[in-house]
Structure formats: C-alpha cells, structure tokens
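Engineer: Just so you know, the protein sequences line up as chains A and S, in that order.
Residue 106 in the working numbering sits at position 106 of the first sequence, and the numbers go up by one each step.
Residue 1204 in the working numbering sits at position 204 of the second sequence, and the numbers go up by one each step.
Hint data in this document are derived by calculation from the structure and do not stem from the laboratory.
All figures in this text were calculated on a predicted structure; none of them were measured in a lab.
For each residue, glycine too, the CB sits at the ideal point set by N, CA and C.
Incorrect hints may have been included.
Unchecked claim - Label pairs and their in silico Cβ distance ranges:
1. A:Pro270 x S:Gln1395: 39 to 45 Å
2. A:Asp350 x S:Arg1393: 55 to 61 Å
3. S:Ala1402 x A:Gln185: 53 to 59 Å
4. A:Glu257 x S:Asp1419: 40 to 46 Å
5. S:Ala1280 x A:Asp233: 34 to 40 Å
One-letter residues, chain by chain:
There are 2 protein chains.
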Amino acid sequence: VSDVRTIHIGLLGLGNVGQAVAAVCEATRGSLIARGLDLRILVALVRDASRSRNCVGAETVVTADPDEFFAQPLDVVVEVIGGVEVPLAYVTRALARGIPVVTANKSLVAAHGPQLARLAARTGTTLRCEASAIAGVPFLGALRQRPLLARCDRVAAILNGTSNYVLTAMTTKGETFERALRAAQAHGYAEPDPSRDVSGLDAADKLVVILQHLGIGGVVADEIETSGIDELDPQDLTQAGVFGGTIKPIAFAIVQEERVSAFVGPTWLPESHSLARIDAEQNAVCLHGPEIGRLCFSGPGAGPEITAGTLLDDVVEVAVSSNAVCAADVTPDRVVHATTPATPWFIRIDYADQAPDARDVQELLASFGIWIRRISDAAREGRVYGITHTCARAQLDASLGALRAATGCTYFACRALED
Amino acid sequence: VSDVRTIHIGLLGLGNVGQAVAAVCEATRGSLIARGLDLRILVALVRDASRSRNCVGAETVVTADPDEFFAQPLDVVVEVIGGVEVPLAYVTRALARGIPVVTANKSLVAAHGPQLARLAARTGTTLRCEASAIAGVPFLGALRQRPLLARCDRVAAILNGTSNYVLTAMTTKGETFERALRAAQAHGYAEPDPSRDVSGLDAADKLVVILQHLGIGGVVADEIETSGIDELDPQDLTQAGVFGGTIKPIAFAIVQEERVSAFVGPTWLPESHSLARIDAEQNAVCLHGPEIGRLCFSGPGAGPEITAGTLLDDVVEVAVSSNAVCAADVTPDRVVHATTPATPWFIRIDYADQAPDARDVQELLASFGIWIRRISDAAREGRVYGITHTCARAQLDASLGALRAATGCTYFACRALED
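Chain A on its own, in the form it takes in the complex (with noise of 0.2 Å):
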C-alpha cells in the first residue's frame, strides 16, 4: 500500500488495559500499516506521569495534565480509566470536540450511553464500546449497523468471567464457592475485589449496553434484579447435573414494544441450551428473535490482549468511517420500563431434621401455590430440591415464605429457564 496514513491516539490511562494497548499497538503496527493504517499513541493521559513513563515508546507524551493531554491533535481517543466520573468528565470533553472515542468501559456506557452517543451525533462523531460486553468478541457493532439484526427480542448471555469460572470449578471439580474464587484470582481473571463480578453487577452494566444497542436506553443497571452466585453450594450444582442440567452465571432479557423483562443471577439451564456448554472464563451471547432465529456467540470475555485488540480494531473502525453515521446513532432510543420476567425455579428447601418425603413435599409446596416440574429424592438428608413451573418473582417468594412460615424450613432459589 503506498498510501498509509497516521492515525494520533490519546489515551486515557495507562494501566493493565492502557499498557496492552500500547503493547499489542506495537505488536502490529506492520500487519496494520500493510492495509494502510499506522495508529499511533501520541500522549497518554495518567496520574502520576513520572511513575508511567516507561510503559509506552519514547515518541508517546506521557502527561498528568489534561489540558496538555487535549492540546494534541488527536484523531481517536482510547479510554481505559475505569470507574465512571473521572473518565466521563474526559470522554465529554474528547467528543464535545468532535474526537470519536473508542472505550471499554462498561460501567461508563451503562450509565451515561445514550447521551454521549446524542453528544457524538451532535458534533459528527462517534463512540464505540465493542470491548465493554465479551471483549474479545465482536456484536455489539453488529446489532448497531445491522437493523433487521437488532430486532431480536430476546437475549441470554454468559458476560461474566469470573463467575463463569467459579460456576464451573464448582460443577466440574465439586469446589467450594470461596475456593474455586481463589483460583479464579490465582489465574487472573478476578479482579483483587471480585464483588461487582460474583454480585452480578457487572453483568447487569454489559446487559444495559447490549439493550442500548437493541435501541433500549431508559434501563437502569440498579432497576435489573440481581442475584450473586455465592449463595450457591456445590451440592446446588451436583444436583443441577441430576436434574439434567447445569447453573451458569446468566443476564437475560425479554424486549417487547413497551418493556424490557430481565434479571441476572445464577440460572438453571438444560444441558440442550445454547450456554449450557460456555465453560470456565468463556463469555457467550444468544440473540432470539422470530426474523433472526437463535443466534450465538461466543468467545473470551476479557483479559488485557484481548481487550486491547478490540479497542484497537475499533480505532481502526472510527478511523476508517468517522463520518459515516450509524443507524444506530440517529435513533431515537425507546425509554421502556425494566421489570421481571416470570420463569421456572430451581429450589432447595432445608429442613432442621428429616424431611418429608418427595411427594408428601410437593403436595406441601402445591398447597402453597408452588408447583414442582421436577423434585429431588434426597429428602432423607434434610433437604429438597425442586424445579417448579412458571411463576413470577414475586410469588414464589409469597409461598416459599408461608411455607418456612409453617415448617421451620429455610430455602435458596435460583432462576431456570427452559430453552
């Protein structure tokens, strides 16, 4: 190619994330100067500049000041702060000045998404984020240019790593929950504070970016119910297995015309599901719908390379089509009220001395209002497990509570689905 041309990144922080860009950056600047582009880190932006000096080439400004960090002439901002005020402050500033940001900061777009993206259409530019939900796997960009697509109305996905790896520790290997995350950690796939990954709040960030690519932007990450995956035991998920199926760390979604259904949390699956088979750190996303058919991907959900390959495939993106105006991006996004969807449930019942038997406790539950598709023999030990029909969040609360009201009995329950 005898035309390449210069492409000026800022980046916005230089740590695990910011070094690996800056790494793989330089890893294949030929492979990427061969199709005409050569991206370049001209500044970063840090808090301690004398401290970060070495992580990036001689020819990268490393500052701690953002007047001179925007004093540049920047083609693509890259952000890999983290956190959402500080980098929100900078990401304005970059696209109020008509620089396309590229980011994948979940929690960022989560929460301020839909007016950044105003912002960028306002001054002719744009803000991708392909990294935010399964780094290493590209849709997002997808269900952005690609309208028919985005009429899916229904998504079931693996977002979180970490969870994702403990779930499977624990089913394949009998772990404890408090081990098998200490081996997530060991293996670095758990931050050093896992609380917003095993709580599922950083499932429910990537679920309200994916939604806002569906064209959904009034929902709120704190509005979707949330369910950690550390209430679960193993023999949870040995029974899980008996049942003829798995638990996996699930966000999910149902999208009508005027509300989106959806929750978090540690899900029964039957072995047949599209997710019962994303094992350890995978991270996979199914988009439903009656046009589009069942459609899965998946892949690595995180780790520094991957992340920075993808920030950088979208620099090369913005860098290629700044101009072009997405569908996406002209839309008007429907603000929709999120509510829970009702499911199966899969349940455990302990009892403090013998329980009754299988049928005497389903006939139990039933006099409640719960209905049992399915229930486990293992009453002798004191506790049951069950999979109940359909019913809503609300109810089974309502009756499993009359039911420890009346027995004695405390009980664990976790949302099933059935394809």
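Please arrange chain S on chain A, whose structure you already have, making use of the hints.
Structural biologist: Frame of chain A, contents of chain S only:
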C-alpha cells in the same frame, strides 16, 4: 426522526430469495423508517416480466431488459439470481458505474470476489456479501472491518445446513443417508438437486469467501480437498459416538504466512469440540488465533427470510456508509497456495470374512505405517474402526492401499480433529 432518506434498490432476480427480499422489505418498512431509512425496490430484473409481476408492489418496475433496469436511479443493487456468469455481468456493470452491490451468491464471490472488490474500490463503491456464508449470522463484516480480528490463523466451520441436517439425522435417529436426505428435502433445507450440498462444493465456495475476508484472495474452491458425506452409513456415526465424538460436515483452514491448508468433508470431532453440538440445519464458524483466543458464531445458515433480512441489513450498511472504504478493501490480497493439512483420520476397514482381532489389526496397520490411537472391538462383524495419529492424506492413502493389496480389505477414511 424528521429526516428519512429513501434508498432505491434494484433487485436482480425474483426467485424465492428475491420475493423474500420484497416481503421482508415491506414487513420491516416501519421499523426502518423509524431509523431514518426508507428502502424501496424501484426495479426488479427478471427473465419473464409478465410472469413475475405479482411478486412485488405496484410501485416496482418489473423488467426483463437490463438496460431498462440500469436506466433507473439506483442507490444499491441486490443480486439474487444465483449462478456465476449471468450475475457476474450485471454485478460488474453496477460496480463499474459506482453503484454498491449486495449479494448472497457464494459461488460468484468465491470465483470473482477479489476482482469485483478491486473494481468497487476503483469506482469508490463497495460489494457486500454477509449472506453468502452462514446467511443469518453476521461475522464477515466484522472480519472485513476489524484487521486484528482478521489475524486469526485457523477456521473450523459447519457451512452447509443440508449436510449437517443429514448427518444429525443419521446420528440421532440411525437414518440412512438417503432417507435423511429426503427428510432434509421435505423440510425445504436441501435444493431439489442437493449434489453441491452433499458433495461439499457449496461449503468449499463459502470457505473461499471466508478466506477472502481474512485477506487471502488466491485460493480457488476447486483446489480445496473436498469429500462428500454420501459414503457414510449409520454404523459409522454410531461408532463415532463410541469413540466419544461425532461426525460433522466441516470446512477447515489453517492460515499461514505463505500457504493455506484446507479441507471440506465429514470429520470426526470429540464431544468437547465447539462444533460437536451444532445440530440439524444450524451453521457455525469458529475462529482461532493466538491473539483472539477462540471465537464461535452460530445460527441459521439459510432460509429465504433469514437471507433476505441479512441482505437488507447489508443494504442499510452500504446506504449509511457507502463512501467509507473499509480496511479490507485496500488490502492487497495475499495470493497463497492451498494445500491439505495433516490430521488424525477416522477409518473404517471392511474384511470380506471375519476380521482379525483389534490387537492384530493394530499391529498390521502399524506395519503399514498407520499408527492407531483408538480402535473398535467390532472385528467380529468383519468391520474395524479406528482413529489414527496425525498424518498426511498421501501417507494414509499409500498405507491403506498397501493394506488392501495385502489383505483384500476395503476401506473408508474421513478426517478427524482434536480441538
């Protein structure tokens, strides 16, 4: 949206897929207008204009005259004629005039994709063919636009729904090839003449299209080792399960700097393989590379409505960004040699009389240079199955040929993959 752009489509062909394009265009008009685009089929080129009049609305000109077709003010041409030479002339004419073209025609793109892309680049327009491989699942666009993603070095895919439907029915229901194929035809998955499906030629075309999207333009479908699924019998598929796996219709390529190793044909996969659970008419592609990990995309691969929706999403993309030249468009295709990889093999050996026991067969094969990793104990019936260690086709053929000459046995072999 106050600003609605009308996109004038010229439709080449009004067969099954052409009629579905007209129907889906009509059915989704409201949703696309809400996104600022009004897609109108201005003109359709057909062989017999009087016969095809009722397939489209009154506002569409139906003509058998190419000059009348090209006299219209076309924003995008959608080609759904099928075949190679006839559409080639029209597609060339459109691109030469700077009109973007969208097609689902894998044979056309496999045979002439690179030169059509070069023509499009010269006239400042574009050729899109997302529907040409795994029609319902968008991934070619991602490869096209995202150069770091496109650095994957291994492709394994199920690209033909008819073959997958047939092998799935033979596996799960013990059907013969002939009965399973008739069922596929009854379901509408197979063409009246399914020979390109079951022979692997259809999948070879699609593999060439995928390789083009990895920047490799030199591979011709005829050069790819292609085996049909019609030599398999139900017992083969049962034995595949006994060996802990399944036989799937696989298209496979390893991409190296200077060459591509590829094959298309029935292939034994272990049960843990990402493609082992892609059943019935579903299609899938797995992309693998040191930088991207393993990504899989799966979903429906065919069907008139699915194909039409994908074609119209391509229309939206070119309408919105027809002036954006993608990275892939400016890449000089690497012209590489297509060769065949060394793999393990799934082999069936039939003796006229009772076969020697497994251990003797294993020793005999070893004496002919075939090292067996697994062997069946079904020797009593005069038939022995095995999975070999990795070797080249030439070595396998020479060894099995010598065995046949020495013992009078007959044999069948298909490839196997380990991960």
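Engineer: Each of the hints needs a verdict: does it hold here or not?
Structural biologist: Going down the list of hints, with the structure as the test:
no. : hint                             : verdict
1   : A:Pro270 x S:Gln1395: 39 to 45 Å : holds (44 Å)
2   : A:Asp350 x S:Arg1393: 55 to 61 Å : holds (60 Å)
3   : S:Ala1402 x A:Gln185: 53 to 59 Å : holds (56 Å)
4   : A:Glu257 x S:Asp1419: 40 to 46 Å : holds (44 Å)
5   : S:Ala1280 x A:Asp233: 34 to 40 Å : holds (37 Å)
In summary, the structure agrees with every hint in the numbered list given earlier.
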